[in-house]
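Asks: First to last, the sequence lines map onto chains A and B. Note that this note's numbering numbers the first sequence so that position 263 is 270, with each residue one more than the last. Note that this note's numbering numbers the second sequence so that position 111 is 118, with each residue one more than the last.
No lab work stands behind these hints: they were computed from the structure. You can trust all of the hints, since none of them are fake.
Just so you know, same-sequence chains aren't split out, so a pair can sit in one copy or run between any two.
With a straight-line cut-off of 25 Å between C-alpha atoms, the simulated DSS-like cross-links for lysine-lysine are:
hint : residue 1 : residue 2
1    : K21       : K289
2    : K29       : K55
3    : K21       : K348
4    : K261      : K300
5    : K236      : K224
6    : K236      : K320
7    : K88       : K14
The structure presented is a predicted model; accordingly, all values stated were derived computationally and were not measured.
2 protein chains.
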Amino acid sequence: MHTFSRKLLTEWRKLEQPFADKTFVVAVSGGADSVGLLLALHELRKLKKLNLRFVAAHFNHDLRGDESDADAEFVKSLTVKLDFELALGKKKVASAGNLEQNARNARYDFLSETAENVHADGILTAHTLNDQAETFLHNLMRGSGLQGLGGMKPVTIPDSRFQIPDSGEQSGIRLVRPLLNWAMREDTENYCHLRGVEFRRDSMNEDLKFNRVRIRKILLPMLQDFNPKIIETLAQTATLLREENEFLDAEMRKINEKPQSTEETKNKGQRTKDEQESLPLKDLRDLFPSMRKRILRDWLKRRRGDLRSLDAKHFAAIENLIFSRKSGKTVELPNGEILLKNDGHLTFMKREG
Amino acid sequence: MHTFSRKLLTEWRKLEQPFADKTFVVAVSGGADSVGLLLALHELRKLKKLNLRFVAAHFNHDLRGDESDADAEFVKSLTVKLDFELALGKKKVASAGNLEQNARNARYDFLSETAENVHADGILTAHTLNDQAETFLHNLMRGSGLQGLGGMKPVTIPDSRFQIPDSGEQSGIRLVRPLLNWAMREDTENYCHLRGVEFRRDSMNEDLKFNRVRIRKILLPMLQDFNPKIIETLAQTATLLREENEFLDAEMRKINEKPQSTEETKNKGQRTKDEQESLPLKDLRDLFPSMRKRILRDWLKRRRGDLRSLDAKHFAAIENLIFSRKSGKTVELPNGEILLKNDGHLTFMKREG
Numbered sequence: 008m009h010t011f012s013r014k015l016l017t018e019w020r021k022l023e024q025p026f027a028d029k030t031f032v033v034a035v036s037g038g039a040d041s042v043g044l045l046l047a048l049h050e051l052r053k054l055k056k057l058n059l060r061f062v063a064a065h066f067n068h069d070l071r072g073d074e075s076d077a078d079a080e081f082v083k084s085l086t087v088k089l090d091f092e093l094a095l096g097k098k099k100v101a102s103a104g105n106l107e108q109n110a111r112n113a114r115y116d117f118l119s120e121t122a123e124n125v126h127a128d129g130i131l132t133a134h135t136l137n138d139q140a141e142t143f144l145h146n147l148m149r150g151s152g153l154q155g156l157g158g159m160k161p162v163t164i165p166d167s168r169f170q171i172p173d174s175g176e177q178s179g180i181r182l183v184r185p186l187l188n189w190a191m192r193e194d195t196e197n198y199c200h201l202r203g204v205e206f207r208r209d210s211m212n213e214d215l216k217f218n219r220v221r222i223r224k225i226l227l228p229m230l231q232d233f234n235p236k237i238i239e240t241l242a243q244t245a246t247l248l249r250e251e252n253e254f255l256d257a258e259m260r261k262i263n264e265k266p267q268s269t270e271e272t273k274n275k276g277q278r279t280k281d282e283q284e285s286l287p288l289k290d291l292r293d294l295f296p297s298m299r300k301r302i303l304r305d306w307l308k309r310r311r312g313d314l315r316s317l318d319a320k321h322f323a324a325i326e327n328l329i330f331s332r333k334s335g336k337t338v339e340l341p342n343g344e345i346l347l348k349n350d351g352h353l354t355f356m357k358r359e360g
Numbered sequence: 008m009h010t011f012s013r014k015l016l017t018e019w020r021k022l023e024q025p026f027a028d029k030t031f032v033v034a035v036s037g038g039a040d041s042v043g044l045l046l047a048l049h050e051l052r053k054l055k056k057l058n059l060r061f062v063a064a065h066f067n068h069d070l071r072g073d074e075s076d077a078d079a080e081f082v083k084s085l086t087v088k089l090d091f092e093l094a095l096g097k098k099k100v101a102s103a104g105n106l107e108q109n110a111r112n113a114r115y116d117f118l119s120e121t122a123e124n125v126h127a128d129g130i131l132t133a134h135t136l137n138d139q140a141e142t143f144l145h146n147l148m149r150g151s152g153l154q155g156l157g158g159m160k161p162v163t164i165p166d167s168r169f170q171i172p173d174s175g176e177q178s179g180i181r182l183v184r185p186l187l188n189w190a191m192r193e194d195t196e197n198y199c200h201l202r203g204v205e206f207r208r209d210s211m212n213e214d215l216k217f218n219r220v221r222i223r224k225i226l227l228p229m230l231q232d233f234n235p236k237i238i239e240t241l242a243q244t245a246t247l248l249r250e251e252n253e254f255l256d257a258e259m260r261k262i263n264e265k266p267q268s269t270e271e272t273k274n275k276g277q278r279t280k281d282e283q284e285s286l287p288l289k290d291l292r293d294l295f296p297s298m299r300k301r302i303l304r305d306w307l308k309r310r311r312g313d314l315r316s317l318d319a320k321h322f323a324a325i326e327n328l329i330f331s332r333k334s335g336k337t338v339e340l341p342n343g344e345i346l347l348k349n350d351g352h353l354t355f356m357k358r359e360g
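From just these sequences and the hints, can you work out the full model?
Replies: Structure, rendered in structure tokens:
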């Protein structure tokens, strides 16, 4: 067994994934990472270490014309050669707005649909330590708190992205990244070479107009001058911060589940804080600033659906509102939303019309 | 009043520092930041906004020969001109080991002694948003968890660095950084220009052999290509992470203060976890991984004095020890220290001799 496959198997065990009788969709772009992953799964299947059904899935974003089609052809012949089922998707991605984001959304929609179609238990992607480090730097430079810096998880519990269409129910399909915790990009390249298999190089991965490419080709090599192991270091930091964030989210849920301190509890019944339209100010004031911010963010997210267009200034204004002595004051949020302080509570309201 | 001084006054209020009848030592290197701070204190004193006694303190590390002496001369004539008391210190800093660290230690020792001598209530340093961002990047690249990424605090509660010599008691001297939350380096330079006062430029601040200089002169300008407000963004991230860390430390103390879950509590009396030579494994296992790590770090720090020479591998081995089923196993730490798992407890021991 090649070292690369052995390491993949070890990680598979660590992530507590099944070894038999299940189906996984494998996202394959045709680049070194996903080809390396597919080759290792091929090896582990042949050695009967993983008795699973794998369905490769390739999505053609149709952004690079002939090159995109050639990628799809490449993946097709590779999967034929290695004897993998293949699902092909193709859709022109809207270039309006954030192109990278649009492409990612379209790709995950396709992967999700494919997983539904083949009754898969999970989707595998070939993200590496390098991807984790690049994501970390991307979020860091954009401006992130602890929530944003944790990066990708090796196993993601289903979220709204993987809902069964039109049902509102979650499909239970996991997203698994079995290379994320240990593989460097050069490991996947080396393993492809060892197996004598070519991989595709995406010309957009060389285009310096994309932040992600500049991070990889300019910023990270410079950071390596400071710390030769910068990729591993940043990926490790992301993991540590994600663990801290998970603890804090659990603490938040505990606080939200506690009954309110005020008299009104009796009238309002036993609804927990996060379900309420109003938050008692006293409870908020008693919290540590960072936990107060976390609870407010979570509560606002439930009221609004997301936190879009809220920035640090809004949260500073809310903080002031919570601690100012006058009652009846408000903070205006975007889109006609209002936070009202009244009767010892913070209430979320939306203007009519 | 100049905008710079007004902002300093606003921050002074926000940091809840006294406005009269107290003494503060002001660290003055002669660079733009500390000269800007001194000039603003001069302005606020003249306008009777701050009725405080300020004692400037300059430490000559004697690393740059005539240049170092000229810095001291410059600070001397500046304080005479502005009518500030001045304490001068001079000591050749050991170049063995980490020069920057040695210089910082010698400087803080001098500031601390000066503060004792003049019965000061606090020490002011002129660290800016830039310093905060640079510190963040420095720690990030070295490899840090949440504890290390929080950066400098605007007000530091006394720690062991500010102990009264030979008494073991803490002196109660605060370290206050009244520019840290709002001033950019260019603000201090501009304010010096506005006041028509020169400042010194340290040639070591141009020497690219120092990490800190490479961060400032090469890395940060490149990060500005990604985000023009990168300094503010990174400083803000450091603040957010510090707040999260403070909450987590408070949670840790709560957990440490809880009585133990095991039978032995009765025999051992009411000692809290952090005072114990042994930690009950069950309590550790029940914790979130990040909180378990935090409690272990804190406990080991108390046993050893610091966490020096402990790395991720040691903590991974301890984690394994906690969860493995066999008893009587050990993890060897550096310098003949041993963690022993026995009778449901983790015990710290040191080899004799």
